[in-house]
Amino acid sequence: MPALQAKTQGARIIPGLHGLRICFFVSDVYYFKERKKPTLVMFLAAFTSRSPREVSPDATLLSRLLQKDVSAFEQLYDRHSRLVYGLVLRILQHASTSEEVVQDVFLQLWRNAAQYDESRGPFVPWLCTMARNRALDHLRLKSERQRRREDLPEELPSIAVAPEYEKALDDQRRAERVRALVAALNPQQKRAIELAYFEGLSHSEIAATLKEPLGTVKSWIRNGLLRLKEGLQATT
Amino acid sequence: MNNCDQFRELLEAYALGALDPEERAALEAHLATGCHDCARSVEEARWLVCQLAYTAPEATPSDMLKGRLMQTVRAEAQSHAEAKPQALPAKRYVPVWMWGLAAAMIVFMIVVTRNVRHLQDETREAEHLNAELMEGNHKLEKELAETKREAMIMMDPKSVKIMMPANGKQGAQLEAKWNAQLGVLVMGDKIPMPAPHHVLQLWLIPKDPKAKPMPSMMTWPDADGKFILLVSNPPDSMGNTKALAITEEPEGGSPGPTTTPIYVGGVS
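Protein sequence lines correspond, in order, to chains A and B.
Residue numbers for the first sequence follow the working numbering, beginning at 1 and rising by one.
Residue numbers for the second sequence follow the working numbering, beginning at 1 and rising by one.
Since the hints were made in silico from the structure, they are not lab data.
We treat Cβ as the ideally placed atom computed from N, Cα and C, and that holds for glycine.
Mixed in with the good hints there might be a few duds.
Unchecked claim - Some chain A residues flagged as far from chain B (calculated, every beta-carbon gap over 10 Å):
1. 57
2. 60
3. 79
4. 138
5. 187
6. 188
7. 216
Said to hold, decoys possible - Derived, one-sided and incomplete: chain A residues facing chain B with beta-carbon distance under 7 Å:
8. 83
9. 85
10. 90
11. 129
12. 179
13. 197
14. 222
Unchecked claim - Computed cross-link-like contacts, SDA-like style, restricted to lysine to any residue with a CA-CA straight-line distance of at most 20 Å:
15. 66/B to 104/A
16. 229/A to 5/B
17. 66/B to 61/A
18. 66/B to 82/A
19. 210/B to 238/B
20. 66/B to 81/A
21. 68/A to 80/B
22. 66/B to 83/A
23. 207/B to 260/B
24. 66/B to 103/A
25. 66/B to 79/A
26. 68/A to 72/B
27. 68/A to 82/B
28. 229/A to 8/B
29. 68/A to 79/B
30. 68/A to 77/B
31. 66/B to 113/A
For reference, chain B alone in the conformation it holds in the complex (with noise of 0.2 Å):
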């Protein structure tokens, strides 16, 4: 504060620009510290100093000073006002395009949209019928594996032959091809369909005579009364097994037979 104290006697003369250059040097560079005290003291000074302005006579200028500056600025003004008007709508012009763009942006994006909606749905119907044909594919091939196999135990001369007559019913018999390596194939012709929601159940009956009989596969004649029943792996080997029996079974089959065997045949 000392220091401000120092320079405080200066600012007045400082306003009114009468310090010699080495006092004004010396205050200028205080007041390049920021003083904010002095920098607000030579403000409030300035003002004061301008306040002289009125201890001189007022005079009036002449007439034609002011028609001069009149001309002057009236010219000036009117150019001014000339170059105003191109800013104008250009101004107003540029809003215009600027919505016409969003305008079309915005159809565009609908457009994509729509697009990408409708190429998602083709997509995905393509993909559900690729899934329909693999699924028909993949069974037909499970289909040709098992006529393949069906051909092979028929064909196969180690293919051991079991004749499965029909229990009472004349005409009507099965026959059986037990192959050890590839299964056993049942097969039989005017076979009559089962009651409504049952099926033909083949059991494999055990030499064992204490064993119970072994569930195996089950399916329907078909319209012509044609019977192929393909088991790929019996539950029991042929050594073990003393006979065939189909019965009638309600759907789904039973663990045990629960009717009386239609058609039997014994394994020799």
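Pulled out of the complex, with its shape left as it was, chain A reads as follows (with noise of 0.2 Å):
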């Protein structure tokens, strides 16, 4: 199943080239079985016969958001603004300043839409990243001369499609997921990525802020975050 999965994704991006596509070779190979016309029943089943899942929402509305549709931002926003507001929400703890920083975020995925390449990664992903780093940015830098760099679209680096932990789930059961593996952590390795995440902190700012030493640090992040990528593999 995996595998097939695999295979239709490719397709994503024309959902309905590939769904006619299978439609004429199911209606093909029943005209050349039976020796009968191909009938409406035969594409109507090829069509219904596609599961949701096998095309991804988000790919089909980023298609036509390269053509300037403004329903298919709409759409977007409605899905994923409540994640992404409380994300950046959670970084900088005010409220008119988040809503800033998710205007330039959406405004920078209405304007550059095609800056945004499947190859790099799955689009949620991408999206916080993108959310993440502004974020971050509007705790950090406070100078204006470092504000108006911010404009420019940035390059994003890329992200690892993971295939078992990305398609196993959807977005609001992994969600879930992921908040439950979180929660189950050691309380200082919860504290020590929290602070790494959400606040920017390097180990060694970590270090100084927990007063403890930079090795145990290190080692708590690290085995947290293995402990939250086990726990997601074990959801396959």
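Dock chain one against chain two, each of which comes alone in its own frame, and use the hints as you go.
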């Protein structure tokens, strides 16, 4: 089943064409086997058999975004604004500044949709990375000169498509799973990871904040992340 | 690989952005060497770090934020749509003049090809005409040269006159003039035509009784019975020749006389 999913995943960008191709293939096979003309039923069967998870809704919306489709943008905003705003608010702890950052993030998505490329990783992690980077920039950089630099579209690093855990769960179920796994971590591991992720602190800054040895902080962070990884892999 | 093991411990912290500057610089230097395994592990670690976003409590932004965003987006979409139609007709317009140009070129090529062929035909005709003219000219020159030689033989006092009466026929007779340098000229008036497909051929009868008559030129009298035969290079000299004779021979001549000579004249 994962192999089939991986195969159909490749055609996500052009779901219409893909569906049509399957439809013609099925009707052709039917025609030659039964020596009958393909019926409308075959066409409908080919379309309805396509399960909703085969084509990522985000990929469809993103391809429409390239055509400057306003309703596609609205749907993407409705799907992800709560996650993005929650993340930015958790980092900045200030509602109106957070809304400013979220506005920047979504406007960049609208204006530079072509910049998002599936080969650079799945969409939600990409969007969250962009939001976190911008929020941390706000947190760290106070000078106007450095703020202006942020207006330029940024080049984000590649994020791996992790097939097993990416597709095993939908967004909602994965969010619940991640929260449960992090909540189950040793409180010190959890605290160290949160300081790094939401406050953008480095190993030595965390060690100073927690008044703990550097080596201890390093292993808390690494072991905590590895446990989260194992937990997500176990869900496949 | 030992080298990689040393960096492996840093990959998660690197993806999290928690490495201190020295360690980050060392890992980035290693990644810059093109280590495929580590690069892939970093991408996986980034994905893992991204999952931490879910641990932030979800929050709903104000409706005003959405309102502001949608207003901006609609305005930009409209200006994008207005910019588009200008591009479309231009796109459609290009093929039209391209087709026109292509058609014009095809017509031009046809016209040129036809003209070239016409010119070639004319050139060929002109060449043909020229060749004919040249041939005619050559013939005239040759005739002129012959006439000149005939006149010279006639006028030259050194030419020897040889009377060639017809054998048994009254009236008609030929007269030959032999010039050692210019050749033999045989002339006559009211000479009867030979039988169809026959010619009158000149023979040189040698003084040596054992030698056979030597064949020479042949011709016909014209419609008025005028007969002129010029031999520029006779096969033998005057000294060795006893007589000149003319016989009627089949068209194309014969190596030896097949009929009794009609005209005979002794060389004195």
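Status of each hint after checking the structure:
1. 57: holds, 18 Å
2. 60: About 18 Å separates residue 60/A from the closest Cβ of chain B, which puts it past 10 Å; holds.
3. 79: The claim stands: residue 79/A keeps its Cβ more than 10 Å from every Cβ of chain B (closest is about 12 Å).
4. 138: About 15 Å separates residue 138/A from the closest Cβ of chain B, which puts it past 10 Å; holds.
5. 187: holds, 14 Å
6. 188: holds, 15 Å
7. 216: holds, 13 Å
8. 83: For residue 83/A, the interface hint holds, since the closest Cβ of chain B sits about 6 Å away, which is under 7 Å.
9. 85: holds, 4 Å
10. 90: holds, 4 Å
11. 129: holds, 6 Å
12. 179: This interface hint holds because 6 Å falls under the 7 Å limit.
13. 197: holds, 5 Å
14. 222: Status holds, d = 5 Å.
15. 66/B to 104/A: With a Cα-Cα distance of about 12 Å, the restraint between residue 66/B and residue 104/A holds, given a limit of 20 Å.
16. 229/A to 5/B: holds, 19 Å
17. 66/B to 61/A: Measuring from Cα to Cα gives roughly 18 Å; hence the hint holds.
18. 66/B to 82/A: With a Cα-Cα distance of about 11 Å, the restraint between residue 66/B and residue 82/A holds, given a limit of 20 Å.
19. 210/B to 238/B: holds, 18 Å
20. 66/B to 81/A: holds, 9 Å
21. 68/A to 80/B: Within the cut-off at roughly 8 Å; holds.
22. 66/B to 83/A: holds, 14 Å
23. 207/B to 260/B: Holds, at about 19 Å.
24. 66/B to 103/A: Roughly 8 Å separates the two Cα atoms, so the pair holds.
25. 66/B to 79/A: holds, 12 Å
26. 68/A to 72/B: holds, 12 Å
27. 68/A to 82/B: The given pair, whose Cα atoms are some 12 Å apart, holds under the 20 Å limit.
28. 229/A to 8/B: holds, 15 Å
29. 68/A to 79/B: holds, 10 Å
30. 68/A to 77/B: holds, 6 Å
31. 66/B to 113/A: holds, 18 Å
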